[in-house]
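Colleague: The sequence shown begins at 91 in the working numbering and counts up one residue at a time.
Read the hints as simulated data drawn from the structure, not as lab findings.
Among the clues, some could well be false.
[To be verified] Simulated DEER-style distance windows between Cβ atoms:
#: 1; residue 1: LEU198; residue 2: GLY335; range: 25 to 31 Å
#: 2; residue 1: SER329; residue 2: THR112; range: 30 to 36 Å
#: 3; residue 1: PRO262; residue 2: LEU148; range: 48 to 54 Å
#: 4; residue 1: LEU148; residue 2: ARG218; range: 32 to 38 Å
#: 5; residue 1: PHE179; residue 2: PRO262; range: 51 to 57 Å
#: 6; residue 1: LEU198; residue 2: THR151; range: 28 to 34 Å
#: 7; residue 1: GLU334; residue 2: GLU94; range: 56 to 62 Å
#: 8; residue 1: THR123; residue 2: LEU147; range: 18 to 24 Å
#: 9; residue 1: GLN348; residue 2: LEU147; range: 43 to 49 Å
#: 10; residue 1: MET337; residue 2: ASP303; range: 22 to 28 Å
#: 11; residue 1: GLU334; residue 2: PRO109; range: 39 to 45 Å
#: 12; residue 1: GLN305; residue 2: ARG163; range: 32 to 38 Å
Just so it is clear, the structure is predicted and the values come from calculations on it, not from any experiment.
Just so you know, even glycine gets a beta-carbon here, dropped at the ideal spot from N, CA and C.
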Amino acid sequence: MNTELPLRVECHDLRKVYPDGTEALKGITLTLTEGLFGLLGPNGAGKTTLMEIITLLLAPTSGRLTLCGLDTRKHETRIRSLLGYLPQFFGYYPELTAQEFLTYIGRLHNLSRHSARDRARDLLRMVRLEEVRNKRLSTFSGGMLRRVGIAQALMGDPKILIVDEPTAGLDPEERVHFRNDLFELGEGRVVILSTHIVGDVEETCSRMALISDGQLRYCGSPMDFVSPAEGRIWEFVGSSDDLEGLMGQGNLVQVREQPDGLAFRVAAPEPPRPTARPVLPTLEDAYVLFLGGDTRRVGSSPSVG
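Sequences and hints are given; from them, build the entire structure.
Modeller: And the structure:
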């Protein structure tokens, strides 16, 4: 008999109401399977609440959550052994070397001293830190520490890996390396990437969801999310007077200087200026358009596999 657990995260009508009456989640139904999945949403959308429920740090007010086919209400201890979590700010001991720190994490996972040491070295090799494994964590850059964070989250060989804002604060080169690491980790496990950095999802995820005001507003591929933005993204050259007006409208995607003035990229149903020309949309364009109130993409299937 095949006893292998399915690689699935299933949220069934998850709701969360805090004691002060704040309704953080308003009935999230979502199914995730193997691979890298992006979770987008503005601040206060409910992303953090959903992540904390999936990592068993927070109990939902109502609804049901199953991880790898196991109901969290009945199999909490077993489910914890299937989870790996990298929060935006993870705790570490700066006086320890990378090897010492990960060996310590391995011991917390009940590995023998020898097994923990070997597992730590294997993980440091995986995240390209083997050559600096005997250096103190206090000497590591932000990108290197995030890779240590991924290594500690992988110590128990989790079936479900959750990472929260993993590239925030990293320089462009470190961000590219980290995105590549996450992409590779999606094979053989469910990886949930919660972020406000649209580029992280666009570059790494074949599936995504958007949460706004505690509700699931979209679930599907980034490409399908972008499609409704076609014909609604514009570029034109203007002045600082245009900048002041656009800043208050919430639909300015980008502005850059060029020899003949300021180049504006704007998300809007109609041309914002007579000289504006339509351009091909990106995921960031579609996201800005959505946040600006164009919600015609809402209603896509809440299940993705």
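Colleague: With reference to the structure, classify each hint as holding or not holding.
Modeller: Consistency of the hints with the structure:
Checked against the given bound of 25 to 31 Å, the beta carbons of LEU198 and GLY335, roughly 55 Å apart, lie outside it. Roughly 43 Å separates the CB atoms of SER329 and THR112, a value that falls outside the hinted 30 to 36 Å. About 34 Å separates the C-beta atoms of PRO262 and LEU148, a value inconsistent with the hinted range of 48 to 54 Å. In this structure the supplied range 32 to 38 Å holds for LEU148 paired with ARG218, their Cβ-Cβ distance being about 33 Å.
At roughly 21 Å, the beta-carbon separation of PHE179 and PRO262 lies outside the given 51 to 57 Å, and the hint is violated. Restraint check, LEU198 to THR151: a C-beta distance of roughly 31 Å satisfies the suggested window 28 to 34 Å. Range check, GLU334 to GLU94: about 59 Å between beta-carbon atoms, so the 56 to 62 Å window is met. Our hint of 18 to 24 Å for THR123 and LEU147 holds, since their Cβ atoms are close to 23 Å apart.
The supplied range of 43 to 49 Å is met by GLN348 and LEU147, whose beta-carbon atoms lie about 47 Å from each other. Taking the beta carbon of each, MET337 and ASP303 are about 23 Å apart, inside 22 to 28 Å as hinted. The given range of 39 to 45 Å is respected by GLU334 and PRO109, whose C-beta atoms sit roughly 42 Å from each other. Checked against the hint of 32 to 38 Å, the pair GLN305 and ARG163 fails, with Cβ atoms roughly 23 Å apart.
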